[in-house]
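Enquirer: Here is how the chains run, residue by residue.
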Amino acid sequence: MTAKRTSESGLLLEVANVFKSFREGNDSPETPVLRNVSLLMHVAETAALVGPSGSGKSTLLNLIGTLDKADKGVIKLDGQDLTRLSEKELAQVRSRDIGLIFQLHHLLPQCTVWENVLVPTLALPPGNSVKGGAHTSAPEQPELRAKRLLERVGLLNRLTHRPGQLSGGERQRVAVVRALINSPKLLLADEPTGALDARSAENLADLLLELNREEKVAVLLVTHAPELAARMGTVYQIQDGTVSLQ
Amino acid sequence: MNSWRLILQSLRYHAKSHIGVLLGATLATAIITGALAVGDSVRYSLQKMALSRIGIIENALYNPERFFRTKLASDLASELGVKTSAIILLPGTATAQRADGTGGDVRVNRVQVIGIESDFWELNANPMTPPSIRGESVALNERLAAALSIKIGDDVLLRVNKPSLLSRDAPLSTIEDATVTLRAPVGAILKEEQFGRFSLEANQTPPFNAFIAREALQKLIGMENRANALLTGVTRNAPSSVPGTQTSASANATSALWKHWDFTDSGLDVRKVPNQNLVELRTNRVFLDPPLGEAAIKAMPDAKGTLTYFVNELRVGQKATPYSTVAAMDGGIVPSGMKDDEILVNEWFAQDVGAKVGDQVALKYWLVGPMRKLEEHSSTFKIRGILPLAGVANDPTLMPDIPGLSDKKNCREWEPGVPVDLNKLRDKDQAYWDIYRGTPKAFITLRAGQNIWKNRFGNLTSVRYPARGNDGEQKVRACLRQALNPASQGLFFQPVRERALTASSESLDFGQLFLGFSFFLILAALLLTALLFAFGVEQRASEIGTLLALGFSSRRILAFLLMEGALIAILAALAGVALASLYARMVVGGLTSIWSGAVSNSSLEYHANSQTLIYGGLAGFLMALFAIYLAARRQTKASARELMASGSESAARLFSASRSSTRLLPGLLTALVTGVLALVLGIATPFLGVSDNHEAESGIFFGVGALALIAGISICRVLLSAGERRKGGALTMKSLAERNAFRRVGRSLGVISLLASGSFLVIAIGANRHDPGENATRRSSGTGGFALYAESSLPVYQDLNAPEGRDTYALDDTIITGAKVVSLRVREGDEASCLNLNRAQTPRLLGAPEKELADRGAFTFMQTQGTTTGNPWNLLKLQDSDGAIPVIGDTNAVTWSLGKKLGDTLDYADDRGVLHKLRIVGILAGSILQGGLILSESHFTRLFPGDSGYRVFLIDAPPERAKAIGAELTRKLSDVGMAVTPATDRLSAFQTVENAYLSIFAILGGLGLLLGSLGLGIVVLRNVYERAGELALLRAVGFRSSDLQTLVFREHALLLSMGLIVGTLAALIAVLPSLLSPGANIPYLSLSVTIGAVFLSGFLFAYLAARFALNAPLLNALRHE
Ligand SMILES: Nc1ncnc2c1ncn2[C@@H]1O[C@H](COP(=O)(O)OP(=O)(O)O)[C@@H](O)[C@H]1O
Ligand SMILES: [Mg+2]
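Protein sequence lines, in the order shown, are assigned to chains A and B. Here the first sequence is numbered in our numbering, starting from 1 and rising by one per residue. Here the second sequence is numbered in our numbering, starting from 10001 and rising by one per residue.
It should be emphasised that the hints constitute simulated quantities derived from the structure, not laboratory data. Virtual Cβ for every residue (Gly too), placed ideally from N, Cα, C. The hints are all genuine.
From the structure, some residues in chain A lie toward chain B, with a derived Cβ separation under 8 Å:
{"id": "1", "residue": "67"}
{"id": "2", "residue": "87"}
{"id": "3", "residue": "91"}
{"id": "4", "residue": "94"}
{"id": "5", "residue": "106"}
{"id": "6", "residue": "109"}
{"id": "7", "residue": "111"}
{"id": "8", "residue": "119"}
{"id": "9", "residue": "120"}
{"id": "10", "residue": "122"}
{"id": "11", "residue": "123"}
Pulled out of the complex, with its shape left as it was, chain B reads as follows (with noise of 0.2 Å):
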């Protein structure tokens, strides 16, 4: 004999009694597991999803503007000993031709469309056959072949932007042929498996990707041997799983870059001047990208800028010389000495309008405001000379490379990106143009033209350097490598692998939020645990006296009896992992079909580490084992004589020696119930903010509910301990359940309370949904008072608003009058949404006219950093001491997607790749501002000069108009992928997300109050062992055993209509508002079912208990009296 064989000879002799503490615990474990390992699956299926959409590309280098040689890619190939793939990735949208001749209603936007050379493929995770994609045919992946409903053999008509080398937002730039089309035969659709989720942005939905052969968009849009993105592959030796490897991996090969760089690459020439002993730097985009131009300064001592700009005319009094070139310069011709208010013309300007020195001479020229506004400003300078059309004067290299002029023969066939009226062109223009080109016919200083035309583009056309020596050229070029940093024209690689795989693994986290969610479901398991395992050892009272009489400490009993607990709860354990798995498949199940909405459709399959699968027992087996111990040490509290008595009298006596704990209950459970209230609307409420425009008024609500929830049970408690006082009184079958039921305060309350707070968790949070609708014409709600929420693929370069930008796609003004636009420009970037489950690493920003959100005091601010006078969208005009750039985001973009909050910064890189800080200085509530950050479109345009256009619009309608409107843009803009939405619709995308965690809450907590009810059965059960006695006399004096059934069952039905009574209301208290909204969803089947079957299960569950205790032979407990 020894204490080891004790208990396991109690384990075995008590095995009955424990199958219930084993049941407990195993389920326990297995919710706590199981919510872990469906953390674990949405992980892995998320990093699943992401190395199918990269593959093995380690770093990327993408710049929709930016083309650089495709040889590169092979330089940089044998440089690194990688992978590499230069390939072309525009916007677009496609429209199906089917060949049956339907489908051109179809249209999908967004869409991706990959030139691609056969290298690309080998980027795939596994090795595969190419598609065959000869010459014009083309791959769609299979989410745009079923977007189109298109099959092999069916056209496709792909629509892109055709790029432009200067941005179509500079002045001089052009946007008449924007777009370009090409219809090709689909020739293969390819799978998940064959890289048609190919994507560098880290979206859990898949893109809409249509791959056609390189040289074959290269072609169509005019970029021959040209591409604008550069893909590595891993590097075999350096593991690419280790977290920062990567970040300087792909500086290593933004220096390798560097090495094979050309000028050509960042579309630079550096060529001799003729005639002059002079090299000089241009460009193909008309102005050289401010710190390109900085850094050319700056790269060789005499280095001498200039800006060349197309006036419109050049007039001394009544005379004027239509369309000309003026150069701002320093040194050369313009002598050092020359006033800013000075200009040289030449003789040939002088003589066409009969200047002399001293006249005035009146500049007349375009500039560019937003929305691609033209403006016409003039400047007048005063003649300081006349020049000789010669020598350095005589210089067309001085004029940049503007597309549409000068490449045309004939001054008559300009195209400029500006008006132009071809009619005042003379034939001695044209003349001029014949012999002199774009030689300037006027020269001010560099200062003086910067002043009147830097944009932020630029602030030069070329720098021009002297070419000392037989090998000046060589040595300016030489130079101008080491100066020149590709990475600073926006030729720089991302560590796109190390973000796809962070933003999965930091992604949102399912495991918390169903531990969140199964909250009540684990406490109900183990409190139900508890009070099996404390009923078992209460039946065991004699056993444990008997061993108090033979001089075991009670310390030392306990620790038998934990080591008992112990070994159930190892087998619960066991047994709950095991389950775990089986909940989790469940759960993943769920998540892929009814709940769906919740991980916003995306396909998960199971997945558990075994390191999860040890926790989450661990983590049940200490659970389980301290509901034990404090149900096993209430009970080795009493003493020897006490267990060892039996009867009535000495049951009840045993009881009340416990008395101080039970006078301690009530507090204690105050305290858990608040706890429980805390924790839980902790982890609910961030979900159950999207959209609500009176977020703070319903939060008052709740916690008004919550407080009538803490009375109630209070009153309850007062009514108890009143009727506990309450003696005398006739002597009724029905006076004496209720004197039962107050006898036990602390349990009774326990029971109340339970059910209570289960109760009005499950309806207070399944009830509270929002009407989207609801105040949706309040700039205050969600929708920020817009009708209409509007993105195009492609971007709109000009005001919607003026009539210019109505004409350009020929809007009928009939239709689309009462109509305000507010446009936004986007840079493309990671969802940052809730319907992105990963953790956004370069969210999507949003470049907005804050002014125009201010004015309209557009969206109801939660947080905003520091005190502001005027509306918050102000806040976006600053700039931060230290440099941050303040961006605004709504809560659900922030709190989930970034993690972030109100006052955190992110790194960003701009356009050129120099990191910019983004801080959070403001926090919306739930809009429809959702997946991206939104900064000033003043510091967007600093930033991302490269991204032109707007795509996001927010259109203010008059309701009843809203539709028509919304059909007439989509229609006339379908050539950018215009598609407008509701405002409300939008929103209520984001609200499913939230309505299926709310149904998923309700489903698992009405769970939880099911065995909660369960519970009260064992409850009852215990009630009746301990007063055996009791009713064992009241049998002996004659009551029947059905009697004392219904007695039993009264006082328990009491208590349980008491809690739910009291949670019901106190819920309905809390979510009057949603209640009252008529748009709300309120799930009131699901609601009342579950409450029913609360109420049926918990009176089931207390009569089957009622029965089964009374139905023992109870006279027995009267035998040794």
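Chain A on its own, in the form it takes in the complex (with noise of 0.2 Å):
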């Protein structure tokens, strides 16, 4: 199991020598993102990812987030090398192991605020319930999680709201409280403060710092923002196709 291989002080995330390029038609040349990119993250670790617009932040998001594949290099997770996985095996991780939270919501219009809420618990493969959040060893109940994080978020009195009546600080927070829902590892977000106002950022950045403590989620935050870099833990750059520690 996943869980004994993690220690309080131990590695949860590398991506060691990393290339990822992408090529428009079949006949255009490809251009190079990633050129040998390689980072740590620690368990409950902090980190923020800078650079400048188009320098491979989300691409390198989308393949720690295996929405995306590597051209060369290895990136495990739990020691688990992520590269190597089948498709399958890759939609448990996500399920299971990692959260994610884009710029955009991406909530299901669908379905109220409760449901979107509960939706990565179906992805779940069947009896493997939700264990309790990294701190505890006794299994939480879906909904009783669901419910505790969405009071901690503020959001108790909106749970039949659907997407479409929500502000969008409001609709960010739903999208967090499903990204943790499963009791993720690692929470990846790419930039999800870019779409919110001032105020609204500024909370969302408090929220991610307060559940990274009290879930033991290790967060990885893309952002442009140098006052919401400089809160976490550490700060890498990228430019050209690699990262750096700042």
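Starting from the two chains in their separate frames, assemble the complex, guided by the hints.
Expert: Next comes the structure, spelled out in structure tokens:
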């Protein structure tokens, strides 16, 4: 079990010598985006990824979030090499070990807040119910957890609302709860505050850091905002396809 | 939260976008189920018709020329415990004699004149009060009354053929008093429910029936206490619907009949020969039927056969005795050592001509050839001895009962069926007749006699048995009852009920037919379903991407989408089934009105089995689900990252991700189009073939057209790909539109292929009509080159080409000259043509002189069996080693009415109930010979000696005089109910069916095309949404939204035009032959309306879609960039 490999001081994410390039059409030349990228994250650590637009931040995040495949290199989560997993296993990793937050909330418009938050529990393989928060070994009922987290983000009175009836900040908080519902070890957030006003952005940042502590979830966050980056434990700078510590 | 909840929520949230999917799937289900329900309706209506025609009759014995005692009916009723009725069923004609003196000129042919007792009405399906037809009055069915426009109280003149005991084709038979007439007041007019439809033949058109009291009819035709048809009702305890049981029921009835049968029922007599210790079996038909004669000989040891013939003269040298009988026999007078060229004469004759032993006697006698052509033949014998006119030599019973002879007291009153010159009879001949009656004047060996006088009606006139002991006669009777099966004399039951039910249940499957006709409509509806679903799913791209990102596998998401789709499909199936009934009712309505030609004007009513509805709903559900599956699968193949990204760049990437399928698409489409073509042609071609003498030629044109279509589509593909590769150039609105069309080659080609193949089929099939008059004078055409086709209600016995035949009917030689008649014999049966929807069980048979047809090279053969040297008509002469009898049939009769193919056989009972195999050795291209199977006259007369005379006539006539000749024949042969029609008219009658099919196809195909053009609108919407970013950008840089509408509209108008032009041009090539034929009745108007409507609706939908899509706030698409 992955839970056994994890320790308080252990390594959670290891990205080593990753390459990624894209090509537009069949005949156009390849444009390298990531060239020999490496980075490490420990359990419950927070990190920011900064860089100019188009530098490959989202690309890297997508690779870690298993939404895309690296051309070369190793990405290990909890010691498990993600580049070697099958589609099915990757889907499992996404549902159990990783939480994703995007610049746009991507909530299901047809579902209520409550339902949206619980959708990821459906993706779990049958019999593999949600384990408790990383801090506890007793499994927590998904509904209880959803309730607790929604209360935590101050949306308890919005359970039956649909995404269309929420403000941008509220939507993004629902997205955060949804990302955490299966108690992932790693939360990946791609410019989560990008579409928010300054106040909401500030609040969301606070929330993420608090949850990091409460839920013992590592956070890797892409942002343009230097003040937000500064609040993270580590700041990585991405430029010309390589990543360096700031 | 569970998966179901998610699915239901999605369904609710996306309800609006699902409405289209629901409608498409509902439509598909409705059309499929509706087509099947149309099939049900036709079957049901036919079955209803069948039951109203036979009531509760289960078995029927019917042999037009065999009259048995009516008492058999009551004997059988008690034996079998069923209702029975003995009736007389005769073909005839009816003429109106209205009370106001008019109507004498209104004659209806092919009338069934039916003599009935009250027990007949008890066989009707529902209880009824028997109509009052006391005494002389007659009851007509509605159809006959309408045809005569006659009402109760008017008179009707019925003319029937007086049955003759001896076939009128037989030697010594007479045709003088062949028809008798009866004038009777109309006492009742019978509705269908009142058994007005009664008929033993499985035709969907009601017969013309005239019912009169059996006794009156018996008197009229001189058949007191006799009937020629025996009907038995269903047994109450045996369910009549179990197939197979009826056959044994009819066998049961036949064997019960044997129990009660008496010799007289077959016109036989067993009696003692006076003054000799012999018992003799005689017949009132002159000759013992060959199987009967054989059985009679075998019945007892020492049976001796006799053949006594009427000779015109017995001559020795210069002297001759006129008109005498000569007996051919073994034993008795004829010693066993007598040679076949020897003759024994009696002393009366020897004295008359002064003959002595050793003299040569020349016998002159008539033989009857085909068409009653009398030929005088002669044979010579050497006198072996002269017998005294006493003892066994004085035996008048040796002469058979010859009609017109035996019953005459004075020999000058003789009226045999052969010409006799009564002046030749001398006083001494009358004296001989007075004393010795028909005692033979000479005797030859049986073998010698059979050699010269044998004919198809028999080779014996009596069989004699030694009577041993006192009860000798009784013993012989008992033996003969055992040996003589009444079935072999034509008295056997046929399972008419089973046949009627089979005929309707195996009838032409209109369900299948309409599935074929609605093919395009169904395809279009499904395409719409798939397009709309795909479109809906595409709009949910980011939703699907989110689910992927949340860790759902793409299979799981596909399953979600499918569940959602399945729910829609279930709803659609339910709604579709409900709608199907409406659709089917509309089609049935159409079939009884504007398309009535397709079902030959039969009245149909709507009826659907629950099973059909279930199957239809299921089929619709599965097909819709499959369409949805294809659409959803494609969508879920894209990756999460692609799906979640928004904006033009990523949307474009989304679809370039499925590049592989784009490349496959054109190939798939070509396959699809070719497949659709093959399928539709396969379904439609047989309906298109009627009467086309250039079948092959138009087939080639059709093939070339189809190739042109494929070529046209390929050219479009090349153009599109070339356009795609062409980079640079000035950026104008037009070039932008073109580039867009070029960009998605697969989808664009899909639109083009669909529209092209749709319009191709609709035009090609809609315009592929043939001119029945085209080349009608050619022997190879559907008319066989004959100008006229004639059918008589009563038989014509003589050759209408010969002077005697023409004299008989007083035909005017100046009018008739130049006409050449080919006469065919007819065995009545089920009409085997496209005018009968039933599956013909016992088709009508035509006995044809194959040589006449072969010499003319008449008609075109589509297929023949084996390699024939010479004309295929000659195949009819042969007989297969397995005893099967070769028959030739029209392609429509064989394929549709009988459901057979070349080389197949069908069982057919002959006059005596013996089953023969008829093998189809040739198939004619659509012709006027539809309606029955054709066999050689020689086989015909062997199988059906009872069906005498000719009733179908193919007439060659100079075109300019055909009309006059037809009129003369109709007028002069009105007594036999001669109906003459131009051969081309008969051909057109068959073609109304085909043309009705064509217009149904054109209408349903046109609707399909319209629906397809709606699909174009959806494609436009999809394209616009996909390019939202690009279009938004164009607007951002200053294009007006109307500019963009024009852009999008132009791009799709290009596709629409390409598709319709390719399809139309290819179709025009395909139907060139019919376009060029002057008389083809091409529905230019409806076709141009169809194509015009498709053009218009295509443009309209493209325009609306462009407007709708571009009215959305496009700049949203740019927001996140
Ligand atoms: N699917 C793709 N296909 C082609 N090019 C891509 C794709 N995804 C990203 N790119 C390119 O890779 C580079 C990095 O993109 P991205 O990671 O989104 O940048 P960032 O998030 O840092 O702004 C850009 O130049 C972008 O155009
Ligand atoms: Mg980015």
